[in-house]
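Chemist: As you go down the protein sequences, you meet chains A and B in turn. Its first residue numbered 1, the first sequence is counted upward by one per residue in this note's numbering. Its first residue numbered 1, the second sequence is counted upward by one per residue in this note's numbering.
What the hints contain is simulated information worked out from the structure, not anything from laboratory work. Hints are supplied without guarantee of correctness; some may be wrong.
What the hints assert, rightly or not - Pairwise CB distance ranges, derived in the manner of DEER restraints: (1) B:120 <-> A:278: 32 to 40 Å; (2) B:168 <-> A:270: 33 to 41 Å; (3) B:84 <-> A:284: 29 to 37 Å; (4) A:269 <-> B:120: 44 to 52 Å; (5) B:169 <-> A:106: 31 to 39 Å; (6) A:103 <-> B:209: 36 to 44 Å; (7) B:169 <-> A:92: 24 to 32 Å; (8) A:106 <-> B:103: 15 to 23 Å.
What the hints assert, rightly or not - Below 25 Å or equal to it, Euclidean Cα-Cα: the simulated DSS-like pairs (lysine-lysine) are: (9) A:185 <-> B:126; (10) B:126 <-> B:142; (11) A:185 <-> B:137; (12) A:185 <-> B:48.
All residues carry an ideal CB built from backbone N, CA and C; glycine is no exception.
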Amino acid sequence: MDTLLSVAGLSRRRLVNRLMEGLATLAAAAAVALLAFLVYSVAKRGGGSLSWDLLTKTPSTGGFLTSSNTGLANAIVGSLVLVGLATAMALPTGILIAIYLTEYARPRVRAFFSLVLDVLAGIPAIVIGVFVFGLLVVGHAQSGWAASFALACLMLPFVARSVQEVLLLVPNSTREASHALGVPKWRTTLSVVLPQTVGGIITGATLAVARVAGETAPLLFTSSLLTSNDVSTNPSHALFSIPLAIFEYSESPDPHDHELAWAIALVLMIFILVANLGARALAGRNRRSLTGR
Amino acid sequence: MSTTESVTIAPMRIDAPQRQTLPPRERLEQVFDIDELTARYGGRPAIKSVSLDIYKNLVTAIIGPSGCGKSTFVRCLNRMNDLIPSFSMEGSIRYHGQDICADDIDPVAVRRRIGMVFQRPNPFPKSIYDNIAFGLKVNGMKDNLDGRVEAALTKAALWDEVKDRLKESALGLSGGQQQRLCIARAIAVEPDVVLLDEPASSLDPIATASIEDLMHDLKQDYTFVIVTHNMQQAARVADMTAFFSISRGAEGQRWGELVEYDATEKIFTQPGDKRTEDYVTGRFG
Numbered sequence: 001m002d003t004l005l006s007v008a009g010l011s012r013r014r015l016v017n018r019l020m021e022g023l024a025t026l027a028a029a030a031a032v033a034l035l036a037f038l039v040y041s042v043a044k045r046g047g048g049s050l051s052w053d054l055l056t057k058t059p060s061t062g063g064f065l066t067s068s069n070t071g072l073a074n075a076i077v078g079s080l081v082l083v084g085l086a087t088a089m090a091l092p093t094g095i096l097i098a099i100y101l102t103e104y105a106r107p108r109v110r111a112f113f114s115l116v117l118d119v120l121a122g123i124p125a126i127v128i129g130v131f132v133f134g135l136l137v138v139g140h141a142q143s144g145w146a147a148s149f150a151l152a153c154l155m156l157p158f159v160a161r162s163v164q165e166v167l168l169l170v171p172n173s174t175r176e177a178s179h180a181l182g183v184p185k186w187r188t189t190l191s192v193v194l195p196q197t198v199g200g201i202i203t204g205a206t207l208a209v210a211r212v213a214g215e216t217a218p219l220l221f222t223s224s225l226l227t228s229n230d231v232s233t234n235p236s237h238a239l240f241s242i243p244l245a246i247f248e249y250s251e252s253p254d255p256h257d258h259e260l261a262w263a264i265a266l267v268l269m270i271f272i273l274v275a276n277l278g279a280r281a282l283a284g285r286n287r288r289s290l291t292g293r
Numbered sequence: 001m002s003t004t005e006s007v008t009i010a011p012m013r014i015d016a017p018q019r020q021t022l023p024p025r026e027r028l029e030q031v032f033d034i035d036e037l038t039a040r041y042g043g044r045p046a047i048k049s050v051s052l053d054i055y056k057n058l059v060t061a062i063i064g065p066s067g068c069g070k071s072t073f074v075r076c077l078n079r080m081n082d083l084i085p086s087f088s089m090e091g092s093i094r095y096h097g098q099d100i101c102a103d104d105i106d107p108v109a110v111r112r113r114i115g116m117v118f119q120r121p122n123p124f125p126k127s128i129y130d131n132i133a134f135g136l137k138v139n140g141m142k143d144n145l146d147g148r149v150e151a152a153l154t155k156a157a158l159w160d161e162v163k164d165r166l167k168e169s170a171l172g173l174s175g176g177q178q179q180r181l182c183i184a185r186a187i188a189v190e191p192d193v194v195l196l197d198e199p200a201s202s203l204d205p206i207a208t209a210s211i212e213d214l215m216h217d218l219k220q221d222y223t224f225v226i227v228t229h230n231m232q233q234a235a236r237v238a239d240m241t242a243f244f245s246i247s248r249g250a251e252g253q254r255w256g257e258l259v260e261y262d263a264t265e266k267i268f269t270q271p272g273d274k275r276t277e278d279y280v281t282g283r284f285g
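Please work from the sequences and hints to get the whole structure.
Modeler: Now the structure itself:
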């Protein structure tokens with residue numbers, strides 16, 4: 001054909017187009033498949049050992065050659081204490097950083113701090129771990145405090161950045177309305193701006209918690225040398241944790257321990273999935289209430 | 001927008017019976033004495049050398065084309081522009097004789113006395129009641145809170161519409177109701193002056209009329225300065241009218257300046273400046 005719109009090699013071009021589209025779709029499907037496969041295999045191997053005992057009993061330190069490890073309550077409680085303390089440190093600091101950046105900092109300063117937070121967020125957990133080890137553990141001893149401080153360092157940039165994002169969503173007109181009433185700036189921030197962002201702050205905090213709950217590297221340096229297998233909530237000595245339990249039990253020679261490792265991994269995964277989905281649902285609701293859409 | 005300024009052709013007829021004649025200016029009490037005010041954003045002037053006096057218990061309208069610095073001007077009067085980092089100003093603004101831009105003046109105290117209503121209704125995402133009560137609580141007016149809330153809503157002609165749903169979110173109100181709520185919020189803290197920055201620009205004619213009536217009823221107690229690009233509105237509500245226009249300099253610079261300031265009737269019937277006449281008769285541009 002020799003018409004105006006005919007192009008040489010049209011069929012080849014169509015083929016390349018299809019191929020490209022197919023590859024991209026395949027890659028996207030692979031991500032979904034990966035998650036599905038991961039959830040399936042952890043659930044399959046860990047599901048069998050998932051029991052009430054796992055959540056409520058502690059590993060017995062008892063007899064020689066007895067496969068009597070029944071539960072990992074100490075790891076669960078330890079993780080709750082460590083992550084709870086880390087949140088208590090990182091959340092208020094992160095909120096304050098975000099308030100500084102959105103309400104007070106000049107544009108250039110804001111850009112600089114935002115960059116610093118992004119760099120901090122990108123620092124590998126093991127580097128944070130060895131840093132806290134040198135700072136708090138060397139010359140002292142391992143402790144829950146040191147571990148939760150390390151986790152807090154990991155959480156901080158995420159909390160600050162996500163709170164900053166929701167603060168930016170608050171329309172400037174409500175700030176102006178408050179200023180025009182003769183309300184001081186600090187009071188405007190506390191009484192007008194922050195209440196509008198509670199949902200977003202909870203979302204950010206939940207995502208940060210979900211992220212650090214599975215962190216292992218910093219805990220190896222700071223909270224891994226256990227003195228007992230009992231449930232403890234005292235952060236002044238090393239506390240057991242879920243990630244460490246997965247690490248240690250999967251390296252044990254006893255196959256029964258492997259099952260426990262899978263089971264506790266399943267517990268951690270369910271927690272993180274639920275936290276993620278819940279946080280996203282909450283974030284959507286918060287966004288809608290702020291923008292009215 | 002629901003305004004009708006584009007159809008204005010002839011000088012407006014002003015309903016004479018409604019309008020009492022103003023006493024001579026020297027007998028009016030000054031609220032603001034503005035002298036050679038120049039305001040800049042990022043070094044670029046938005047308004048240059050504006051000088052005028054604003055009088056107590058009158059409604060003063062600021063009219064002029066878009067971009068002539070009307071909003072910039074009123075936002076100087078309660079130091080709202082301080083919140084914009086690149087803003088700077090020269091000249092003086094005296095409020096009852098006191099320089100509001102002096103170093104020892106807290107802008108929070110200025111805004112406490114000089115309230116503001118904005119172009120778009122901006123209620124807090126709180127209940128109707130709390131929208132009014134918040135300013136009262138912050139400013140220590142906690143005695144008889146319920147009574148003060150009711151009084152403010154009544155003055156803003158909103159009480160009857162909302163008295164049964166004070167605890168509901170203010171965001172559920174219509175645009176006109178929200179704007180009246182914002183007026184109620186501004187007058188609840190008993191300011192001396194209320195600045196209105198195109199308060200009716202996002203409202204329909206009925207809501208606009210109710211807000212104009214409000215100003216008329218409330219001016220015994222307050223001094224109003226209203227920015228509007230709707231000339232009929234200025235003619236209806238204002239005692240004094242200031243006309244701002246855009247001046248162009250070399251290299252494409254443009255800024256707003258005050259062309260004429262006089263009694264509203266004079267501005268609309270016998271303007272002293274050709275530019276004012278062109279604008280009020282619709283020959284502008």
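Chemist: Failing hints, ascending?
Modeler: 12
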